[in-house]
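Guided by the hints, dock chains B and C onto chain A, whose structure is given.
Residue numbers (this note's numbering), protein chains in the order written: chain A, 1 to 619; chain B, 1001 to 1220; chain C, 2001 to 2277.
Among the hints, erroneous ones may be present.
[To be verified] Pair ranges (Cβ atoms, derived):
no., chain 1, residue 1, chain 2, residue 2, range
1, B, L1022, C, V2055, 35 to 45 Å
2, B, G1006, C, P2079, 46 to 56 Å
3, A, G41, B, T1076, 20 to 30 Å
[As the list claims (entries may be wrong)] Dumping the calculated BS3-like pairs for lysine-lysine here, alpha-carbon to alpha-carbon at most 25 Å:
no., chain 1, residue 1, chain 2, residue 2
4, C, K2134, C, K2236
5, C, K2211, B, K1183
6, C, K2259, B, K1125
7, B, K1049, B, K1183
8, B, K1044, B, K1119
9, B, K1158, B, K1125
10, B, K1049, B, K1059
11, C, K2209, C, K2038
12, B, K1049, B, K1184
13, C, K2134, B, K1119
14, C, K2236, C, K2211
15, B, K1183, B, K1119
16, B, K1158, B, K1049
17, C, K2038, C, K2259
18, A, K486, B, K1125
19, B, K1049, B, K1125
20, C, K2211, B, K1119
21, A, K486, B, K1007
[As the list claims (entries may be wrong)] Covered stretches of chain B (in silico footprint by chain C; criterion: 3 or more residues with CB under 8 Å from a CB of chain C, positions within the stretch not fixed):
no., region
22, 1127 to 1134
23, 1187 to 1194
24, 1202 to 1212
Because the hints were derived from the structure by calculation, they are not lab data. Even for Gly, the Cβ is constructed at its ideal location relative to N, Cα and C.
Listed below, chain by chain, are the residues.
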Amino acid sequence: MSLRRLIGFNLLSAAVLGVAGYYLGWWLGHQINGPSIAYFGDTGQNDIALFLAYLVGVIGFLVGLGFANYPVQRMLGKPPSLREKEQAGWTRYFGLCTDHKVVGIQYLIGIGAFIFIGGLNAMLIRYELLTPNQHAWNANNYLTIVSLHGTMMMGMMTSGILGPFANYFVPIMIGARRMAFPRIEALTFWLLMAAGFILMTSLAFGGIPTGWTGYEPLANQANMGMDAYIAFFALVGLSMCLLGLNMLVTVITMRAPGMSWGRLPIFVWGVISTAVLMALAAPVLISTLLMVTLDRTAQTSFFNDQVGGSPYLYENLFWFFGHPEVYILALPGMGILLEILPVFARKPLWGYRLAVTGMLGIALLSFLVWQHHLFVSGINADVRPFYMLSTELISLPTGFIFICALGTLWRGRIRLEVPMLFALAWIFNFLIGGLSGVFLSDVPSDVTTHGSFFSMAHFHYTIMGGLLFAFFGGIYFWVPKMTGFKFNERLAKIHFWVMFIAFNSTFGPLLVIGFLGMPRRVVTYAGYLQGANVWVSVSAFVLGASMLVFVYNLVYSMVFARVPAGANPWGSKSIEFQLPSPVPVHNFDRIPTFGPDPYPYGEGVAVTRPVVAPARPER
Amino acid sequence: MSGGGGKKLLAVVVGVGVVAALIVAYIVSLTNGPTPYRPAAQGKTVDLKLQTVAAIGPKLSPNATWVSYLVNENGTWKRSTVWTLPANATVHVTILNYDGRSGLRNPFLAQARGIDGNKFEVNGKPMGSINPDDASHTFAIPDLNVIVPIFGVADDAKNQCGDAPCDESMAHETITFTFHTGKKGHYRWQCFVPCAAGFVYGFGGPMQTIGYMDGFINVV
Amino acid sequence: MWSSWSHARRLTVLTVVGTIVLLPIVIFVLGPNMPPGKNTNVGDQQVFDNTVLLVVMTPFTVFILAYLLYAVFTFRADPAEPERDGAPIRGHMPSQVAWLTTTTIAVLFLAIFGSAELLTSGAGGGQGPKPIAKPSGSVLPVQVIAQQWEFTYRYPTYGGVETAQLEIPVDTEIAFHVTSLDAIHSFWAYELGVKADANPGVDNIAYVKSKQTRDFQIRCAELCGLWHGYMYDTGKVVTHDEFTTWIAQQKQLYAGSLKYLPPYSTSYAPDPTFRAG
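For reference, chain A alone in the conformation it holds in the complex:
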């Protein structure tokens, strides 16, 4: 590769312009001076400089990748170009590419890398908690590790399934050749990568003391590392919002003939419900973060009670976003679960309408429950029964998903391939997660469990036991289609069983530890809990090791062994498995016409193919 090929709009120029932008922003920030920011001299923290540095750095990064090219070209009167760099070989994965399939794979690797970092932080947390007193990491750094783990995981897993799998497969599943806004799609990916990198720099600026929730007024007291948190979530929020809108517009406007709403694969319904939440909740997060920025830089008083503000404002705004956020995490997992079960039970999805109602019901109700995070915080006691009711009610649509999953297994012919194992494990894990959620939704019970490890184990059961297991199920199910190569089945099964057993061995006891009185985010705990914590830590290390098995399998199968997977390794009747592996750039030779049944499985079923009628020639 010649040096000349390196010049252009690619990752290298993005890095160079990003760094240049960082220093430009930093310099600009130091030029700003005024009465309300004189205290920067006292504290030694110039938050304005860091915010500007991040902002201009991200702009430089995006310009370097080539995102400004299209708007500038159009302003100069040149005709629109639709597809950029979609044929350029392996280098197209390292830059701006408008092929939704390339963006899907970029997301998979990018999010995978950041999840690996978040998981490393989790191992470090459990290492510290081996003894009841601080022994490993500097006590300041421990809080930063805790915050980094939570923040990185929440920010990355939000797009964990929509990023890789929805970007890759939703256009295919609805019979389109692309997403509605391909360049915005690529933008959401690169925003997320910039965000992840920014978060990692927080350690250099003094770390983050607040956990992923960023509660005020502690967030105002924090060092400059807190600005990295704010920049991270602002970029993640923007990425989420655009991703959700893109998905919605694509599904609403670009469905092929015959693909009516009642024939959409359930995965697409999961994506739609998630996208609605993303588009509506992310803006609340971004505006809250703007208020936090103003408090930290211009000394406004949104959240400082002694000068007219209120920490309650932050808590409510954050959780108004935060609760739909966790359903953004849960819903795509449900979509994958219900997409995988029919294939491996060889039966249609049981209760399609009930499942869709469940997903939409969860999406709607998720906006009405957020005060359950604030039950004992001194909110008006009159509202607590309402939020208890609404939170309990949200278990009803969740129950619909369960009954549809169980019904799909009824009198099926179940094949326990690796994706199916992950789907079945989802049902088990989310059951425990959901039941522990019922405890937390009940205010008298919540009095003891709020802010304890019980609450932490609950959300790890639902987010990790649910979403992450569905994520891996999706990987084993769809990556052979995305790359054309099979995974090594033996390693995959080892990964599954070790992960499943170690996961339950880690978080099951944590439910009990929470019941026994250990608060969250602590570096020291009561001595009698040490034995249990050691058990949990060791299980966590085994859980981490199972991830290494997966990474080894991934590299070995995709880089070295390269056993062809064929078009349809699972015998699925879904449209994506009727296409070659990997899916060609233009997706279909001709736009398909869809038949009446998204799940044409079952003995004696009349129509067994998803696409019916000769495809009309394209206009």
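What follows is chains B and C alone, placed relative to chain A:
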């Protein structure tokens, strides 16, 4: 394996090596912190000499404007807030305070407890508590129920110290007291006066960073 | 017998038998050991509440787990056989209605039951400055002041004396007035079954009446900065006489600071808000 496979293997090995190196560097950076200092003990008695300063200065810290504690290690002042003390010992503490007065958010903390006779000496004069507005820092070990307010230098005092380390010719107040360590353990200590200039409630920055106004006492 | 039954019948039997076997264990073995323990009136309520939750969850859990295991074993395709599809069942209205009905009834019951408990005593949780579930009769107010990073306690009816340790008399209704001087903390007295967030500028009230003398753990349950994990204490429930002696001692001991303390108030706004250099 063909040449192509060899190149791939090399790339993977190099990649793994780079990642491993980054991880090790990350983990090592997390253990940074003050070097523990163990004052010499005469039997079961230990002398601990500390000073508190208004600005640590650029030579001793990247955060030049932060307040800080320093400990006297055989004549030189070091910025370490992690100290190792023997168990069941008597600890005589001398604190030279070079910082001005600010005041406590909770005046209750201006009364000493957990020390011998519940009295400390300010420039030789024994007392049990001070006017909370005159406090510039406290020395507190909550797990041992020890708290001592540190009397502050008057605003109009002459020859005030600028950057640390400060020497005894500059304006200061001397506070002495004695406390006892019990069984082995890892105890945290902190200042309670909101002395972190410019931070919200005065509790950010140096008040929340080990090595300045917070630290550990290892009782061995 | 088993082999001649339909799948539905077998599952019903498994669920019913499983529930019948587990319920006594849940009620008599797990129930009494549920947190936070039966040391106070609100603790009793929480234990009872947790037991009721477990009881309601048991049949659903048994059903789903039994079904899952049963389905994986019974409906498994024989790997040796050539691949065939299962039965083309797209739904079954009676099952859906039955599921919807039972889950709705369970959820509504739990919501009403929980609300009832909450409205009778507040269940030990912080109810904010205007509590709706107040005990009748005399109440001993104890203010818990959370600050970075220690809890201190003030007794307004004993001259507003502030102490570093918490002692409360047994068999007395206590009203904890929890407030903070800076960040958001949370006062969690585990064995008492009390948790109330300490929000600056807010008076968060939680009621409890302890039935026996004992020590209890106090921990901060909301991340408040560097020493959040170290913000713990041991409180004591003592007899009335012990309490009277102790509080008199504390008033003597802390007479020095008492003259500097601000008058008792349900929340405080101490200086500095920001501290200039």
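Cross-check of the supplied hints:
no., hint, result
1, B:L1022 x C:V2055: 35 to 45 Å, "violated (51 Å)"
2, B:G1006 x C:P2079: 46 to 56 Å, "violated (38 Å)"
3, A:G41 x B:T1076: 20 to 30 Å, "holds (29 Å)"
4, C:K2134 x C:K2236, "holds (23 Å)"
5, C:K2211 x B:K1183, "violated (33 Å)"
6, C:K2259 x B:K1125, "holds (21 Å)"
7, B:K1049 x B:K1183, "holds (22 Å)"
8, B:K1044 x B:K1119, "holds (21 Å)"
9, B:K1158 x B:K1125, "holds (21 Å)"
10, B:K1049 x B:K1059, "holds (21 Å)"
11, C:K2209 x C:K2038, "holds (11 Å)"
12, B:K1049 x B:K1184, "holds (22 Å)"
13, C:K2134 x B:K1119, "violated (43 Å)"
14, C:K2236 x C:K2211, "holds (12 Å)"
15, B:K1183 x B:K1119, "holds (23 Å)"
16, B:K1158 x B:K1049, "holds (23 Å)"
17, C:K2038 x C:K2259, "violated (40 Å)"
18, A:K486 x B:K1125, "violated (81 Å)"
19, B:K1049 x B:K1125, "holds (18 Å)"
20, C:K2211 x B:K1119, "violated (39 Å)"
21, A:K486 x B:K1007, "holds (22 Å)"
22, 1127 to 1134, "holds (count 4)"
23, 1187 to 1194, "holds (count 4)"
24, 1202 to 1212, "holds (count 6)"
When each numbered hint is compared with the structure, violations occur for hints 1, 2, 5, 13, 17, 18 and 20.
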